[in-house]
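Participant: Those protein sequence lines, which keep their order, are chains A and B.
Mapping the first sequence onto UniProt numbering, position 301 (from 1) lands on 301, and the numbers just tick up by one.
Mapping the second sequence onto UniProt numbering, position 276 (from 1) lands on 276, and the numbers just tick up by one.
To be clear, the hints were calculated from the coordinates, so they are not data collected in a lab.
Heads up, the beta-carbon is just placed ideally off N, CA and C, and yes, glycines get one too.
Treat the hints loosely; a few may be bogus.
As the list claims (entries may be wrong) - Here are the in silico distance ranges between beta carbons for each label pair:
id, chain 1, residue 1, chain 2, residue 2, range
1, B, Glu435, A, Arg30, 47 to 53 Å
2, A, Gly255, B, Gly388, 57 to 63 Å
3, B, Ala169, A, Gly255, 43 to 49 Å
4, B, Gly27, A, Glu80, 37 to 43 Å
Claimed, not checked - With the Cβ distance kept under 8 Å, some of the chain B side facing chain A (calculated, not the full set):
id, residue
5, Leu39
6, Asp41
7, Phe238
8, Arg253
9, Glu294
10, Tyr348
11, Thr403
What the hints assert, rightly or not - To give an idea of the interface, some chain B residues facing chain A are shown, with a C-beta separation under 8 Å as derived from the structure:
id, residue
12, Gly134
13, Gly193
14, Ile232
Protein chains: 2
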Amino acid sequence: MSSSATTEVTGQDHVWSVSEHLDDILGSVRPLEPIELQLLDAQGCVLVEDVTVPVSLPPFDNSSMDGYAVRVADIAGASEEFPAVLTVIGDVAAGQGEQPEVGAGQAARIMTGAPLPPGAEAVVPVEWTDGGLGEGPVSGMRAHSAAPEGASGEVRVHRPVEARAHVRARGSDVRAGDRALAAGTVLGAPQIGLLAAIGRGTVKVRPRPRVVVMSTGSELVQPGEELAEGQIFDSNSFALTAAAREAGAIAYRVGAVADDAETLRSTIEDQLIRADLVVTTGGVSVGAYDVVKEALSSGGSAEDGVEDGSGIEFRKLAMQPGKPQGFGSIGPDHTPLLALPGNPVSSYVSFEIFVRPAVRALMGLPDVHRPTARAELAADKALTSPAGKRQFLRGQYDAEAGTVRPVGGAGSHLVAALAHANALIVVPEDTASVEPGADVEVVLLG
Amino acid sequence: MSSSATTEVTGQDHVWSVSEHLDDILGSVRPLEPIELQLLDAQGCVLVEDVTVPVSLPPFDNSSMDGYAVRVADIAGASEEFPAVLTVIGDVAAGQGEQPEVGAGQAARIMTGAPLPPGAEAVVPVEWTDGGLGEGPVSGMRAHSAAPEGASGEVRVHRPVEARAHVRARGSDVRAGDRALAAGTVLGAPQIGLLAAIGRGTVKVRPRPRVVVMSTGSELVQPGEELAEGQIFDSNSFALTAAAREAGAIAYRVGAVADDAETLRSTIEDQLIRADLVVTTGGVSVGAYDVVKEALSSGGSAEDGVEDGSGIEFRKLAMQPGKPQGFGSIGPDHTPLLALPGNPVSSYVSFEIFVRPAVRALMGLPDVHRPTARAELAADKALTSPAGKRQFLRGQYDAEAGTVRPVGGAGSHLVAALAHANALIVVPEDTASVEPGADVEVVLLG
């Protein structure tokens, strides 16, 4: 990043393309250092280690049915008419310490998941027996607490089974030494289930980034308060905090900071302790009260910027909305900072196109971008776009029909239209007009 | 829901289809009562009120550019060669209290978002002026704090503008009395931004449901601890807590409860105070130690169930995995309870098919189901499925290719395979075999 201390008045000659600015951001932002987290705290995070299975699953041969553990020779040829009659020597329940040994002519009542007891070769489902009641086939066992006598007496078996029938073999799911999950896996519910199943209580992942969001502007009032003349409600700090959370971050909303360079600088400095990324809105353009630019360009002078490798560069982008943008790093830890424009639609579009990928890059996620699709433009008239700029229009995408319809106009203040959009329509730099029916690229939001 | 107190041994004749069970759940679960929440606490929730715009946006005519507020007659015919020279009478910054009145031959320096001062008719962008420096066109203003003299002196304007140029009219985004958002809207970042912009600090939504997740089984050990003989790690309470959060719930993981009916009953009773929905795993089948069934069938007897309208019914479903299921309500508030089978894959599939829709129904979300797609079965051999059952196999869906490939087998204990799946392949009840290349339905996970 080059110095920007002298750019306020004369500006920079270079107008950055969307891709150049994004490449600069993604080339600078490094994934966060991994930490060991409790399993459920790691949800949504990226695993940074190959996880090996320490103990085979299941860890022992066990029953896949509620039934009777038997020796197969004892029930060869059994039928409902000529049942095999076995002596029930006890119960084998899951998690029960001792197991009876099943001898010739014997059976142990066994529950799903319980270890196959010594001597037994297979399991007969309870539905293929009389359940020890001496009558016809049953559909289940009576609760042990209500009928403890079920663990003794005789049982009539109505069907033969082969050796290993209804037995889940030790290691049939995963074997000790197998790789359970590869580094780079994003941990969703089934992956967390697998890690728990193999006994992992904690896991090494990249944490969620802490994103500090602040809006700037002396005109901003907290929603719910009274507006005085010339004031508006702060919406950016709310929208972007929500967007940061949706991107996977832990987001802190600082709220609105007045247009005073010293106040802004000290607020940012205060917040750095809990920030992996700072996002500001407003104050980045060519006005005389653009304090973000003022505070961050002059706070570290050009020389400081070179010395410690940090500094924020303010740029003009060939983009609509979102022309003025700032990016760089700040503070002793070189915390990345993105300074977005203050118009609500500009800041939201800028967040989607630049900040969201940065948040996801910090998490180490493999895919940092929103999904895109191609759609047919459903519009009454052609869309016009300034030549040489990449334009992002708000649209309603209909996946079934494969169409997208613009909502609201190109104005960067149309926050109402934005709230009814589910996509951004991308009009490339070399396109000045898009006819109805044309094929366009859309960025799918949410 | 009918009584189930006498079903443990004899079972019920009726085998429920997946659809019947799901219909019963969705027919019983009512959306939670709305509460007023702070905006950012309402993220992801469903709005239950039509929100009307109390004050037009923007609330006053304001500048869309950094530049000069002028009267158009004063700059008619201006060019770089023959600039119009105006007296600068001061600054109009956003959020500044007093505004200068712009008279004939005068201009006020104005910042983006600042109110158009009285007397002015349009805004000339600073780039179309000499910025008061008496030289050529400039690309921006110097910061007011560094150069306060910029708010006085003369400015040369190089281009004329029409009346209202670069002015955003009061009410051009939304007008007071318009409906900003309709009841039923799900609040994402742009909707939260709009609500803030119109001054709403709080909003009435259905809250996220609090879901208590507990697994049952005396064989279960907390991951990270040592396994003794016959024990396995508790994975269900982790996987389902994560899945509940992913569905939108606030989830509490109680962990594993031993197979003792009294302990289970009192644990559930304790948890009811923080539960909008209770999910248990294990203990729902036909074994002699299936304590969930035992505790919840006998705890309220059949008569109690009828009296207070609560009670859990245990069923057999025509489903694989996931045959044994319990559903009903419990406690003084008739809190819904879903009792899932204990096998990790069975419980996860059951969660996806039954619990997730229940969570989303509690939130009042319009679409409670996972998206589905059609895909070509990519397999080396035909898939077989038990006749009369709806089977859910784990699969890797490739959206680009439009194919799905089974991962792992049909076994309900194959938690490793589940962790590598991104879809469930649905084999309908009337299908006993699916050939490679056949068109199948897939449920898209995550």
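Participant: Decide, hint by hint, whether the structure agrees.
Facilitator: Hints and how they fare:
1. B:Glu435 with A:Arg30: 47 to 53 Å: 49 Å, holds
2. A:Gly255 with B:Gly388: 57 to 63 Å: 60 Å, holds
3. B:Ala169 with A:Gly255: 43 to 49 Å: Violated, since Ala169 (chain B) and Gly255 (chain A) (Cβ atoms, about 28 Å apart) do not stay within the stated range.
4. B:Gly27 with A:Glu80: 37 to 43 Å: Because 40 Å falls inside the window, the suggested range holds.
5. Leu39: Cβ of Leu39 (chain B) sits 6 Å from chain A, so the hint holds.
6. Asp41: 10 Å, violated
7. Phe238: Constraint on Phe238 (chain B) satisfied, holds at 4 Å.
8. Arg253: 7 Å, holds
9. Glu294: The hint holds - Glu294 (chain B) has a Cβ within 8 Å of chain A, the shortest such distance being about 4 Å.
10. Tyr348: 6 Å, holds
11. Thr403: 19 Å, violated
12. Gly134: 14 Å, violated
13. Gly193: 3 Å, holds
14. Ile232: 6 Å, holds
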